Structure formats: structure tokens, C-alpha cells
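Chains as they are written, first to last, in our numbering: chain A, 1 to 171; chain B, 1001 to 1620.
One or more hints might be untrue.
Unchecked claim - Dumping the calculated DSSO-like pairs for lysine-lysine here, alpha-carbon to alpha-carbon at most 30 Å:
#	chain 1	residue 1	chain 2	residue 2
1	B	K1333	A	K63
2	B	K1019	B	K1384
3	B	K1134	B	K1384
4	B	K1586	B	K1019
5	B	K1411	A	K63
6	B	K1134	B	K1064
7	B	K1051	B	K1134
8	B	K1384	B	K1051
9	B	K1411	A	K152
10	B	K1313	A	K110
11	B	K1384	B	K1586
12	B	K1313	B	K1253
13	B	K1064	B	K1051
14	A	K152	A	K110
15	B	K1411	A	K110
Since the hints were made in silico from the structure, they are not lab data. Note that the coordinates shown come from a computational prediction; the quantities given were computed from them, not determined experimentally.
One-letter residues, chain by chain:
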Amino acid sequence: MGNHFELFELRPAFAIDAARLDEAYRRAQAAVHPDRFAAASDAERRASMQWTTRLNEAYRALKDPVQRAKHLLELHGVDVAFETNTQMPPQFLMQQLETRERLEAATAGKDAAALDALADELAGQRRALEEALGEAIDERSDYAGAADLVRKLMFLRRIGEEIDAAYEAIE
Amino acid sequence: MALLQISEPGQSPAPHERKLAVGIDLGTTNSLVATVRSGVAAVLPDAQGRKLLPSVVRYLPDGKVEVGYAAKARQASDPRNTVASVKRYMGRGIRDVVHAEGDPYDFVDAPGMVQIRTVAGPKSPVEISAEVLKVLRRRAEESLGGPLAGAVITVPAYFDDAQRQATKDAGRLAGLNVLRLLNEPTAAAVAYGLDNAAEGVYAVYDLGGGTFDLSILRLSRGIFEVIATSGDSMLGGDDFDQRVYCWILEKAKLPPLPAPDMRLLMMKAREAKEYLSVHAQTRITARLSIGEVVDVELDGETFCNITQTLVQKTLVPVRKALRDAGLRPDEIKGVVMVGGATRMPQIQRAVGEFFNRDPLNNLDPDKVVALGAAMQADVLVGNKREGDEWLLLDVIPLSLGIETMGGLVEKILPRNTTIPAGRAQEFTTFKDGQTAMSFHVVQGERELVSDCRSLARFELRGIPPMAAGAARIRVEFQVDADGLLSVSARESTTGIQASIAVKPSYGLGDADIERMLRDSIEHAEEDVHARALAESRVEGQRLIEATRSAMQADAALLAESEAKSIDAALEALAAAVAGSDHRAIKQAMEALGRATDSFAARRMDESIRRALAGRRIGSL
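Okay, chain A solo, but in the shape it has when bound:
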């Protein structure tokens, strides 16, 4: 895996120039996308698919705050280690426990409005964490602290997926 920021000639930072990224991605796609090589030789089609795959992976990673932060931390030699490091501050865990309980109640009661409220709250928490993450990485170069924040965000993302599953379950 290469450096996604370098690929699109962007400054490696959490705060990202989204318009510039979009523009670079589009230009690069227009040059190598398989649709440009549908009638080309096998060799060109293969090269086109490999390049486009790489562009898509890098673009997706940079667009997504969690993946972008993980990638930045990796570039600084910090492993987020979400799978192995599951330590979370007790207060955060209490809060999530409460969220889970409300989620279960909303699912049992087929209460879409309660799910909406939970989803909104979660979105707010995620935004706050993302802001803190930007500060930790871009302003304080506090990569260990940032890794903690990324783990929290990933935790919230799982709850977000559970909320989505709950919507599907009550439909």
C-alpha cells in the first residue's frame, strides 16, 4: 500500500481539501478508467484495472475520516490496533452501554423515531470526535492520543451499523 496522500499530491493532514481531492481523483480516473480501455489490448486493460483499483482504494480511504486517520497514523508509525487494544475509558463505555440499551428498547418497541434520535446523537458524537482527532493530529502531533480517538470512532461506527441493522429489523 502506497501513500494515499502522495498519490493525489495532497499534504498529509487530517483536515483535507475535499474539492482538491475530488478533482485529482476525477482527473486520474478519466485517464485510466477501464471504460477508456474497453477496446484495448489485454495488457492495457489489466494495467487500467490495477490503477483504477488503487485510485478507488486511496480515494475511499481519504474520504473516510476513520480510514484517513488510520492511514496518517500508520505513516507516523502508529498502529491503531483496534482488534487487540480494546481498552476504553470507563465513562465512554458507560455511555455506549446506555446507547445499546436504548437501541435494544427501540428495536423491541419497533420505535423508528427513537432510532432516529439515537442516530442523530451518534452523528453528533462522531463529529465531535472527528474534530478532536483533527486537532490531535494536525495541531498537536499527538499520535498516541489520536489512536485512542480513532478506536472510539470505530467503536461508534459499530454501533452505527447496529442502528442500521435495527432499522432493517423493524421494517
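Add chain B to chain A, keeping to what the hints say.
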């Protein structure tokens, strides 16, 4: 020049000549073929001026095959040999179709995909679909006056890997050069977007005969970007017919019916549905073979009531796609309606209420997919000038993963990932001295393997014996621009590498396709060998031209020795093209491919560099 000799009469060898390319909407109920002529996409009619081709195939005892209106007319009188809605069985096993009530077919369990027993023997959905495609191919070739350079075939966005592979196989079996499988809602978005110069976020609500898709796209400056897609590949207009059919049975208090009567009443049910799209009520009459006479009246309100759950069912994927896209209904600028079933007023009403705006109906819902596919075929075949092209960025509809311990799924590529996409994941052995590992590739959103669709199983052997957990097995998923998956695995710690590439188990190998083409020779009106030769000549010639122009454009990227070996391969291919052995042409093409492999990769690197450098200059 020797190269000129290979061209057939009426076929110009000039490289700047427009190439003949078509878009095909291979529908559950009807199929269409369209092309772009003088810059305008149009559906190609048959000799009688009819644009739709009913997707109905009838096998006769003498080996003949009827397709379209003739077959449709015999549905009730010859139900077992007349196959309609075969799209529902594409890439499907016997377990998926046993619940298909109202289907009078004699299903045969076959490895990978169900087959239907007919008077002409068991037929797979791929073969049956190929019959429909052959008719459309002939129609296009006759009307355009030459062999087709390529075709884009549309598939429901929610089709999984097996269904896509089956569709592509059907295209190849019909003798088509399948340029791309294109998602139906995306094709519709192209047609709508280009027609209306639309910009912004749009939803496409596509209710076809047998499938439902909902795609959300961002249209901006020549880019069609699918943000999220969802759907139900077992929900369509046919289900509305089925509801009406059941209502008739109940209303007329009919006993279980023999196959011809079932078919007759299903057809009456469909007519009633279509009539109720523009009228307040309809009278359904039929004389059954069992002696009963049906005479019932159905009004719009009753029709609405008996189909209400189906209408509501379509809104489930709508909400899911919006959640995936992170958008609210009011953030959608417009909802493009696609598929004949969207003519039903209750559908229009439900969509209008949900999005709180009038749905967009300005394109013919039956034709819009074929038109969009034709436009895309025109781009893919290279008929557009540089700068006039647009770009489609589509996604996979369902997550792709691998089975891990305990029957759980590890997702490798999540749904709505932009294609082409690839990702590698490392696995390890769990026993000391383990020398083989088996993999199970699945598709779906559920956590349990048993709830997902099984795509392929394969084994990696020859892993050097090591302690448990020491081996590093890298499994790589690659999804191409058609949305088709291939998987490979290799062990890499010791430098000893073993790798295997798999295609989903429903896919047919090249050898299978060739065999099926050969089998069909007896009653085919064309010589398969001659066709294969003509096609490989066209392909070979195209490759020669493409390679020469690449060498000319990027001479600076070529080392002298490399240029020499490419030249040699080019000459060998030109000689093969002048000969009459299509296998020799294929081999020469492969050899040229190997000779140009690294040149092609460097050209691609260079064009990326140029594209990004262009941005830098532009943004200064």
C-alpha cells in the same frame, strides 16, 4: 497492403470508421436492442416495426426455437416448452426456485444452476437467455449492415456475482463481444442525465418485470457516480400479476388448475394490471380447459389493496440506500422512474409521497435502459472524441467476504465499494504442519455464512509445514468493471509461493462455451468456425491498430529491444490474421499481450502522471 485483404465486403477497415456497437436491455418480460446513430440513441425495431422483444423462448420437437411474440402466443398451449421470465433463474440453484409457484416448468437440479427440461432436452437459463440475445444480435446486424464490434448488456444493480457471470456467459454464447455489463439504473441515469443535462443527486427507481433496484447517483460534469445501490432481485411486476392471479382464483372459487389454465390466467392477470394503469376498472374473462368460465370485475381500489404490501416492500431498499448514502429524502433532487411496472398509479403515488416530489417520467420507462446502454456502448467501443466522453463510477451492490472459523463471514469488500475494487487480507494456519487451507467465498450482508450466497470454494495446497500461525496466506479479491469477482491466494513467508485464481462456481469456462456453441451447430444457420475466425480477425486487427498507435504515441517510453520484440509479435499476429486458423490468431494475440505488458503499465503510469500534473498547473 496485406491488411486490407482481410476485410469483408461492406466492412471498412479504416480505423476512423465508426464501429457498430449496441446496448441490450435483457429484461425479465421484454428485451430491447438500441444503438447510437448520428449522435442519437434509438431502439432498433424488428421487420414489423416492433421495438420490444418478449423475453419468451419456445423449444419445438424438431429442434427449432421460437423467440418473442411467436413464443409468447404459445405460452398457454405449450407451457412446459415455453419459457418466460427466465431472468429470474439466472445464476440460481434449485433451492432458490422451488418456491416459484405458478411456474409450470419441469426444473432439473444441475451443478451451479438450475435447468429446465424441455422437448429439446434440459436447457440452462444461460442457454435460454442466449436465444433471446441471438435474435437481438441478428436484428442489430441486419439493421446496421455488419457484424457488431461489441455490446453492452444491462443487469439489475442488485444482481449478485453468479447472476452477472451467467448474463455475461449468455452474451458470449450468443456470439456477442460483451464490452461491459452495465447496471440498469446506471444506464437509465446516463440516458436521463445526458438528455436533461442534469446535475446533482438523483435516485433511480427501477421496477422491472422481476427485479427491483434503487440507485442513488451524483451527476456532475460528465461523471455519473453511484453513491449507493439497493434492491430486491426477487420483486417485480410479475409479483403484481401473481397477486391479481391469486385474487381471480379466490374470486372465481377455482380449484387447482392445470398448467395451460395457469398460464392463461396469468396472462389475463397481466393484461388486467396494465389496463388498470390507465383505467378505473377492468373485466377479466376466460374460458378454462377444465370447463369453468371466469368472468370477474376488478377495480383500481381493489388492485391497490391486494398489491399494497408489494408497493411497501419496494420502499425498504429505498430507505436502506438513503441510509447507506447518508442522505434524507429531501436531499434527492429528482427520482427517475424506470421499468414498465412504474406505470402503476399506486407506485407513482407511493414514490411521490416518500420523496415529497413528483417522480420524473419524461423518458419511456421501457426504453430508457436500452438507450443508456447504447450510449455507453458507443463510448466503450471508442466512437466518441476525447473530451466528449463521460465517466461511470459504479459500485458492488452486496458485500463480498470469506468464511472464517465458526461459520462467520469476514467482509473483504463492503457493499457500495466503487469498482474496479481490490483488497488483500492475510490469513494464517491454525494447526502445526498444516499444508492446505480451504477458502469459501460468499456474498451478502449477514454475519453467518449460511445466510449469505456461496460464490466459490477453493483450496490452497503446498503450504510448507510450519508452526500454527506462522504461515502468511494472502487472499486477494479483485472486482472488475463488470462487477465480477476473482479471488487468488498465495503463501508468502518462505518464498515458496502457491497461488490459485477462482471464478465463481456458476461461471462457465471458455471450454464450456465453446462446447455449447458446437452443440448448437446442428440447427444453427451459421457456421461457428467461420464466425470464430471472422471475430478473431476483427479482434486481432483491432489489437494491431491499438498497439501501433500506442507505440507511436508513446515512443519515448519504449526501449529499443522492447520495441523490436513488440514489432516481431505484431508481425506474427498480422501473419496469423491473414491465415485461417482462429486459434493461431488467439495465440499470437496472447504473445503480443505478453510482449506489451510492461509497456502498457508504463503508459498507464505516464497518463496518471500527466492527469495529475494537469491539475497542478490548472490550480496554480
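Verification of the hints:
no.	hint	in the structure
1	K1333(B) to K63(A)	holds (23 Å)
2	K1019(B) to K1384(B)	holds (10 Å)
3	K1134(B) to K1384(B)	holds (27 Å)
4	K1586(B) to K1019(B)	holds (21 Å)
5	K1411(B) to K63(A)	holds (20 Å)
6	K1134(B) to K1064(B)	holds (14 Å)
7	K1051(B) to K1134(B)	holds (16 Å)
8	K1384(B) to K1051(B)	holds (26 Å)
9	K1411(B) to K152(A)	holds (21 Å)
10	K1313(B) to K110(A)	holds (17 Å)
11	K1384(B) to K1586(B)	holds (28 Å)
12	K1313(B) to K1253(B)	holds (28 Å)
13	K1064(B) to K1051(B)	holds (23 Å)
14	K152(A) to K110(A)	holds (28 Å)
15	K1411(B) to K110(A)	holds (28 Å)
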